[in-house]
Amino acid sequence: MINVSEFIKSYNAEQKVHIVVHSNNSDAEHWRDQNEAFRNQVIAAIMELEGAVKPELLRDIFRAEADFCEKIWGATESIGPLGKMLLMQTGADYIEDYFLGKEVSFDTQCAVSLGDVGRERLTTIVAELKASGAKCKQGEFTMDEVIEYIEGFLKEHYG
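With the numbering used here, letter number 37 in the sequence shown gets 165, and the count goes up by one each step, no holes.
Rather than coming from a laboratory, the hints here were simulated on the basis of the structure. Don't take every hint at face value.
Said to hold, decoys possible - Pairs of lysine-lysine, DSS-like flavour, derived with a Cα cap of 25 Å:
no.	residue 1	residue 2
1	Lys199	Lys137
2	Lys144	Lys182
3	Lys265	Lys182
4	Lys144	Lys199
5	Lys283	Lys258
6	Lys265	Lys199
7	Lys182	Lys263
8	Lys283	Lys263
9	Lys265	Lys144
Just so you know, these numbers come straight off a predicted model, no measurement behind them.
Starting from the given sequences, assemble the full structure and let the hints guide the process.
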């Protein structure tokens, strides 16, 4: 059994295998994610630490939980708070991962909200994105579309 505290402290890319969805290859009611219990323990510890963990772990656990949400055709209670922590802790660094996780399903779109992050942080993220010239590498959207989406959200909700 892996020690959750040690896992969090020493997290690196090689350990991602312990938190990603690992299907038992069954269908419907017999389907199980063999990493779900451990991932939930890690998420609970991250919540207690209020997200004060390695940025790569926040990114990877958020993406893993989003993948799980897609597989179960729903949204877990933790997906929204994880998305918020990801943006609050990492700003623009993992914005593409945030949107990739948010957009995996209708349920995650509803559960993961920019509104949880707040005007000030979102404004800072937009400025970081504009200054960085970063490009999207994984998704079917551009960084200009991400910026436009966030700016539209800010205008609609904060004027």
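Would you check the hint for Lys182 and Lys263, treating anything up to 25 Å between C-alpha atoms as holding?
-> At roughly 23 Å apart (the allowed maximum being 25 Å), Lys263 and Lys182 satisfy the hint.
Given hint Lys137 paired with Lys199 - CA-CA distance at most 25 Å = 28 Å, violated
Are the Cα positions of Lys265 and Lys199 separated by 25 Å at most?
-> Status holds; Cα separation ~23 Å.
Compare the distance between the alpha carbons of Lys265 and Lys182 with 25 Å, and conclude whether the hinted pair is satisfied.
-> Holds, at roughly 22 Å.
Holds or violated: Lys144 to Lys199, with C-alpha atoms at most 25 Å apart | 18 Å, holds
Has the given pair, Lys144 with Lys182, been kept, meaning a C-alpha gap of at most 25 Å?
-> At roughly 13 Å apart (the allowed maximum being 25 Å), Lys182 and Lys144 satisfy the hint.
Are Lys265 and Lys144 close enough, with their CA atoms no more than 25 Å apart?
-> 20 Å, holds
CA of Lys283 to CA of Lys258, is that 25 Å or under?
-> Holds, at about 17 Å.
Proposed proximity, Lys263 with Lys283 (alpha carbon, max 25 Å) = Cα-Cα ~23 Å, so holds.
Of the numbered hints stated above, the single one contradicted by the structure is hint 1.
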